[in-house]
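**Q** Just need the whole structure built from these sequences, with the hints factored in.
Numbering (this note's numbering), first residue to last: 133 to 412.
Quick caveat, the hints were computed from the structure, so don't treat them as lab data.
Hints are not guaranteed to be accurate.
[As the list claims (entries may be wrong)] Quick list of in silico lysine-lysine cross-link-like pairs, DSSO-like style, CA-CA up to 30 Å: (1) 249 <-> 317; (2) 355 <-> 307; (3) 233 <-> 158; (4) 226 <-> 325; (5) 399 <-> 346; (6) 288 <-> 270; (7) 389 <-> 233.
[To be verified] Distance ranges between label pairs, derived from CB positions: (8) 279 <-> 399: 18 to 24 Å; (9) 374 <-> 193: 46 to 52 Å; (10) 389 <-> 263: 31 to 37 Å; (11) 299 <-> 137: 37 to 43 Å; (12) 158 <-> 185: 22 to 28 Å; (13) 244 <-> 407: 40 to 46 Å.
Even glycine gets a Cβ: it sits at the ideal position worked out from N, Cα and C.
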Amino acid sequence: MVVSTEKTSDEFLELNSCGIENHRLKDRHRIRENGRVDFHILYIYQGKCTVVYNGETLIANQGDLILFKPNERQDYSFKADDKSVSCYLHFSGKNCEQYLKQIDIYDSVISHIGVHKKIRNLFANLQFEYLYEREFSKEYKSALLLELLFTIGREKIRNSVSKTSYDMRIDDIQKEIIQNPTQWKDVSYYANKCNLSVSRFQHIFKEQTGMSIKEYISFIRIKYSSELIIESGLSVSEIADSLGYNYSSYFIRCFKKQFGQTPNEYKEKYMVSLKQKTAE
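**A** This is how it looks when you write it as structure tokens:
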């Protein structure tokens with residue numbers, strides 16, 4: 133009996149299936165007239181893939197990424213002579229569209245990411261977790277999938293920015309924000325650290341990261357809050373206060389926008405999952 137991996141999800145992000153495939157032995161042509169109900173990513177690690185999209189034939193070369201959206205016709209093929217290696221993902225969830233837009237691949241059938249061993253290794257880690265279910269496997273797969281998506285986004289930006297214009301000062305600012313998520317700093321503070329005007333700093337930061345400085349700070353702070361919700365024992369209002377939010381209602385809105393659920397819902401789902409794993 134074959135169990136379909138095709139499904140939608142009410143979670144913020146959920147992996148349905150994944151794998152790494154070698155296409156050296158025979159030609160392969162796959163057509164799904166009505167697509168799938170979930171998102172489908174193909175990363176061409178080696179060789180190339182031919183895609184027919186809206187009647188137009190496109191070539192995805194080594195280092196390219198192909199995105200098929202839900203219910204979108206899929207027509208792609210590999211030639212054995214090209215000795216292609218592809219990595220694939222099928223995934224769903226409430227936040228898929230938001231994340232794919234954030235990493236700037238949502239509006240393109242083919243995006244150039246570049247060939248990166250780290251990305252292939254993340255696919256391999258996901259495949260291992262997918263094939264060998266272990267404790268907290270569902271949560272771990274979602275975390276790995278999120279890491280993979282934002283690694284793709286980061287490499288896409290770095291690939292589009294020339295090496296001479298890539299600014300390591302922005303990397304240093306990102307590290308500082310990650311290491312100090314509870315500290316509120318004015319944009320001018322970060323601009324001064326880079327010896328840039330505020331407007332120039334904001335422009336370079338957005339160009340290099342794909343987010344405004346305020347969006348990035350909020351993303352890191354809310355991500356950190358999700359750890360506090362599970363581990364700290366603090367109430368939602370206490371967590372909001374510790375992160376510098378004047379109103380817990382605003383914090384809750386920001387959290388729901390990022391995770392697709394309120395902090396209490398997030399914690400409740402985690403506890404239910406924990407009990408199920410313990411019972412097993």
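**Q** Each hint: holds or not?
**A** Do the hints match the structure? See the list:
Distance hint between residue 249 and residue 317 is unfulfilled; the C-alpha atoms sit about 35 Å from each other, more than 30 Å. Taking the CA atoms of residue 355 and residue 307, the gap is about 14 Å. The hint holds against a cut of 30 Å. Among the hinted pairs, residue 233 with residue 158 is inconsistent with the structure: their alpha-carbon atoms are about 35 Å apart, more than 30 Å. Annotation: proposed proximity of residue 226 to residue 325 is violated, straight-line Cα distance about 37 Å (limit 30 Å).
At most 30 Å may separate the alpha-carbon atoms for a hinted pair to count; residue 399 and residue 346 meet this at roughly 26 Å. With a C-alpha separation of about 27 Å, the suggested pair residue 288 and residue 270 falls inside the 30 Å cut-off, and the hint holds. Simply put, residue 389 and residue 233 have alpha-carbon atoms about 14 Å apart, close enough for the 30 Å limit, and the pair holds. Our hint of 18 to 24 Å for residue 279 and residue 399 holds, since their Cβ atoms are close to 22 Å apart.
At about 48 Å, the CB distance of residue 374 to residue 193 agrees with the hint of 46 to 52 Å. Between residue 389 and residue 263 the beta carbons are some 33 Å apart, a value that agrees with the proposed interval 31 to 37 Å. Checking the proposed 37 to 43 Å range against residue 299 and residue 137 shows it holds: the Cβ atoms sit about 41 Å from each other. Separation of residue 158 from residue 185 is about 24 Å and conforms to the stated range, judged on CB atoms against 22 to 28 Å.
Evaluation of the 40 to 46 Å hint for residue 244 and residue 407 yields a pass: the beta carbon distance comes to about 45 Å.
In terms of the numbered hints stated before, the structure departs from hints 1, 3, 4, listed from lowest to highest.
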